[in-house]
Amino acid sequence: MYISKKFISRRTVLRGAGAAIALPLLDAMIPAATALADTAAAPMPRMGFIYFPHGAVMKSWVPEQTGTGYTMSPILKPLEPYRSKLTIVSGLRNKGGESSDPHGIMAGTWLSCYGIKDRKDDLGTTADQLAARKFGAGTPLPSLELTGEGGAATCSQSGGGCGYGSTTAFRTPFQPLPMEDNPRKVFFTLFGQGDDTKERKQILGETGSLLDYAMEQGKDLDTRIGAADRARLSDYLDSVREVEQRVQRLATSKSMTMDLPNAPEGIPDQFADEVGALFDLIALAWQTGQTRVASMMIAKEISMRTYPNLQITEAFHPLSHHGNDPDKLAKLVQIQNYHTQLFAKFIDKLAKMPDGDGTMLDHAIILYGSNMSNSDLHNNDPLPNAVLGGGYGRITGGQHLHYPQDTPHANLLLTLLNRAGVETPSLGNSTGQFAEL
Amino acid sequence: MPGVFLVNDFRINAVLGAGLLAAGFCQAVAAADAPATTAARGNAVGWSMFSAYCTECHNTDDWAGGVAFDAMSERDIPDNLDVMEKVVRKLRGQQMPPGGHKMPDKATRAAFISWMEGRLDQAGAQHEDPGNVGLRRLNRKEYANAVRDLLGIDIDPAALLPRDEPRDGLDNIAAALQVTPSFLDQYIAAARTVVVAAMGNKDALPASTTYRATKPSTQLFHEDGLPFGTRGGIAVDHNFPADGEYVLNIANMAQALWVYNMEFENPLVVTLDGKPIYETSIGGEEDMKAIDQKQDVAVEAINKRLKDIRFHATAGVHHFVVAFRHRSFAESEDRLQMYAPGGGQDRVLRVTSFDIKGPFNATGVSQTAARRRIFAACYPKAAAEETPCANKVIAGIARRAFGRPVTDADMHGLMHFYATGYQQAGFDEGIRRALTAVLANPNFLFRTDAPARPLPPGTIYPIDDFTLASRLSFFLWSSLPDDELLRLAEAGRLHEPAELKRQVARLLADPRSISLSNNFGAQWLNLTRLPEINPDATIFPYASGSADLRDDFVQEVTLFMDDIIRHNGSVLDLLSSPYTFVNERIALHYDINSVRGDQFRKIRLEDSKRWGLLGKGGVLMASSYPNRTSPVLRGAYVLERILGTPPPTPPPAVPALTENQPGKKATTVRERLEEHRKKPQCFSCHSAIDPIGFTLEGFDATGKERSIDRYARTAIDSLGKLPDGTIVKNPDELRAALLADPVPFVQNLTERLIAYSLGRVVAAQDMPFVRAIVRASAADGYRFDTLLTNIVLSDDFLKAKVPEPPKDPAIKTAAVLN
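As they're listed, the protein sequences go chains A and B.
Just so we're aligned, residue 428 is where the first sequence starts under the working numbering, counting upward by one.
Just so we're aligned, residue 110 is where the second sequence starts under the working numbering, counting upward by one.
Keep in mind the hints are simulated off the structure, nothing from the lab.
One or more of the hints may lead you astray.
Across the chosen pairs, the derived CB separations fall in these ranges [as the list claims (entries may be wrong)]:
| hint | chain 1 | residue 1 | chain 2 | residue 2 | range |
| --- | --- | --- | --- | --- | --- |
| 1 | B | Q532 | A | D649 | 26 to 36 Å |
| 2 | A | D649 | B | C487 | 28 to 38 Å |
| 3 | B | E354 | A | T684 | 45 to 55 Å |
| 4 | A | T493 | B | P912 | 33 to 43 Å |
| 5 | A | T679 | B | V305 | 19 to 29 Å |
| 6 | A | A862 | B | P187 | 50 to 60 Å |
| 7 | A | Q697 | B | A887 | 45 to 55 Å |
| 8 | B | H210 | A | Q832 | 30 to 40 Å |
| 9 | B | E354 | A | K681 | 31 to 41 Å |
| 10 | A | T679 | B | T496 | 29 to 39 Å |
| 11 | A | Q697 | B | K773 | 27 to 37 Å |
| 12 | A | K486 | B | D401 | 53 to 63 Å |
| 13 | A | A699 | B | T323 | 52 to 62 Å |
Heads up, the beta-carbon is just placed ideally off N, CA and C, and yes, glycines get one too.
With these hints in hand, go ahead and build the complete structure from the sequences.
Here you go:
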């Protein structure tokens, strides 16, 4: 493995030689970056969709009481400080995620609430991508897709391919958006290649002419291939168009004049550093206005990760088949609590990040959850769901809502989209919205 | 065959009574002993098998699995290839009829399979369908190989491009290789990065590159790839952007005031292309004393010997090493502290990382391997030569990159890039811009098998010679066609069978055919999963941490497979060969004490348990959990990856195995699985899966031999059974049983190779081609050359079909047998 970076930035000494590749990105950024103030009449929230695999031990996730005065549950404990910006939504079911091929389609159906068969129109497009269509129009990047665990994909065993197992983001019902685990690549995607403003501008110019060329050549290729191939090439041409737009927006983006920190060096060795770096990049992207929508998987389906820092040497997935063994359940709660801790650090940064007339947390809408309930049974009912952020005052917060058996998970997604200002009549198998939220 | 149809139709209509039917079977079985009569016996069994064994569930009332055979007849076979191929597979894998139902005996089953395959092959012969791959983009491994062949530099594709979505266990399936904006963004950026790296840059800003020791190693001994006479250390091939000064900084070795690992001298040497450029020594009596007396100051002074080491290097890739001189045991105390697996103190220092900074005072870019490759055609000596030479250089590389002759239109666009760069900064910059455009061009990114002129849907046509050249080279090299293939395509001669045979042999003899082993093989055998199986260090200290064997395991299987292919062995050698490749670490893991050193060598295995793939550590580990063996995973592995009859996925809501609990009497995995199989919903599949895995229980989750279960303290029982009932007592018997009928294995490998070679999932209409290839390869014992040549000569490889809109099957069968 090697990592390469140029040391031409004025802020050269972010970390000493040989130190772990932890990323004090934000800490370096906050003083330098000017927060993107949203002064429009209808400000657009940032939307985040943070997924963890293998469900949750529900009795340790769902608080015993509902309403405002509930006692925080063990898994959600790290979010206690942000209680007023937290809404726990219990009792929901996602029929769209039900199959005999659980892990293979779990991630891909979380935000679409629609099975992998009979997809058409927008049935299968995910909530984050519906948001990206609206919010992406003014940002260099419509959305950001990240994963805390790379490596081999998790694949559907029943013919759905690997897309449904490895990403929560579907641009169309048939186009999974791969999730990136390398913070360095994410940084360059957000801000462009290059190590300082001059180099960024120069490379951006070169990229622009390469894209024009790619488009022209793609169109030429289009005339020489068959109808069936044309559908595949249209993804290419659409992508060229989108990246061209991105390049144009990036060229005029505020980030081009900012003194950005050095790009991360690569994938950190430690899980906490990796997840932390990706969360930092989401926060940075929101702060600098590179995108408004982000989705992320903290770990992947069928994750074989062990948690030596918690003294857990069994791999996550086998452990998730707990068989109601108290020892295994206790370890799972420990892992799930740990994931919440990593997430809470992200929330903490947002709570401290000024954004216009408030903080980034005041203006964001973030869903934290999984498409599985009991990992031993692979069921999708009831799902663990927590909503963070005030969404410009459009989300009440501070309460635990418990909906009756079989209330669709899609209703929550539909509610969040509409509250964010993405007018959406329905999503997947939704039946309505939650006024209580 | 109208007679046959009549007979069978008659049987379907007439044979309804179970008694009659049973009588019919007894006759059929009794009549057929010699293999020669299989076909005749098959006809006698024929379609009536369905009513005898299948329609109890697969009927128009129950629609089990969405299939009703009572509504079909033999005539419907050609219109229901998917269902019928699944029937064959389910029967081959003994997955149908399910346990507890009436079963055909072995001979009847074989006879029916043979009969059905005959029908399917007949249907295939009447309506040959080579399918359609469509537009196929390079995946990132192919991209890296293409860049290596075009520009002469090695790149790490994972650092430049997003992950490719695999399908059907392969990462080169066209339909799964999508283009998203984030892919395109990274792909365009990669084009630029790669060309800059290949051409060098005399104006390069100083940059630092950090290399870390990622190979698990104690650094106690000599490492493969490092100079002889050294121990430990890190070797890299570093790409120096320009001729100039560079600075080396090695990570601190004196870490603290506590004198740890500093007792003895550790003589350090730095080499550039094998020549020592710097030597020092860390530790020993003087350093000890200094640390003891001066503390911080001394630590700093010692580490300073590892810093700011200046040297001169020319541009291009150079082999760069930081390592320790190895001292003989007489002068060294290295091994006095015993080697403790997975930990312990051993009193030597290690190179954990170093970084190279530069260039400073760059003087230019001298000749490098990459530049020699790029400017093979010419390099201008005068201004007048510049444009003609640029034309030549760019056209030559574009031809290779696009896999076809370059047109005027191609050159027009590329020369525009050249002109822009030339105006800004001269000839080299012009070439750099144009080559970047070559890599950004969709004609490099995509391959297509579309016909030269539009043809009506459903037309079957031979792919043109350029498409064929690419198919061939991406199959056998995972890379672009070379000049010889392109020249043959230009001459229109590549498709001639004699020429194709010659080219297969030539491509296989080339070192690049290693991709069949390290790319195809690793995916087929699921070794790509190893990085995720992090062996539990508390249970397997001998195979985790610094004793991690996973990279070695992959290397062993790669060399093992490559050796068989390169020496034109039989594909069956994959299952049976007594030879393998080991270094000292693997040898010790295999209880072989006669191998020394880090480098791999071919040895003959005395212990027959280790013969063939099923005795390899990598295979045994890829089918285990990080903390224990899994007969289920191993059984499923054999069924899926060796025999090609994957078991169905488990139903939802399956209770998992209970793990051993502290304080309770420990049980073996086998005992726990036996509990599991008692549950009726588990029995029918697990009775076929688990017993295969049991035969490999003599190997632990890391592939080390064991005779006792460490928790239950009972002897390992490796008694197992194949789905057809054959009892196998140990790995030797399992291997023998698998080899007794080699066809399922060879057929499965052929299917996997076809999927890989075409870049599409093998479908029902491919199976007649597959079976024909297997039959044609039997004569010389399934030699690799023969099998691969037969694949290439098959119409499935040489032809394509213009896609047509999907048609409804004659009879509505939902065809979702799982």
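Hint check:
no. : hint                           : in the structure
1   : Q532(B) to D649(A): 26 to 36 Å : 31 Å, holds
2   : D649(A) to C487(B): 28 to 38 Å : 34 Å, holds
3   : E354(B) to T684(A): 45 to 55 Å : 34 Å, violated
4   : T493(A) to P912(B): 33 to 43 Å : 55 Å, violated
5   : T679(A) to V305(B): 19 to 29 Å : 26 Å, holds
6   : A862(A) to P187(B): 50 to 60 Å : 58 Å, holds
7   : Q697(A) to A887(B): 45 to 55 Å : 54 Å, holds
8   : H210(B) to Q832(A): 30 to 40 Å : 37 Å, holds
9   : E354(B) to K681(A): 31 to 41 Å : 38 Å, holds
10  : T679(A) to T496(B): 29 to 39 Å : 36 Å, holds
11  : Q697(A) to K773(B): 27 to 37 Å : 35 Å, holds
12  : K486(A) to D401(B): 53 to 63 Å : 58 Å, holds
13  : A699(A) to T323(B): 52 to 62 Å : 20 Å, violated
The earlier numbered hints that this structure contradicts are 3, 4, 13.
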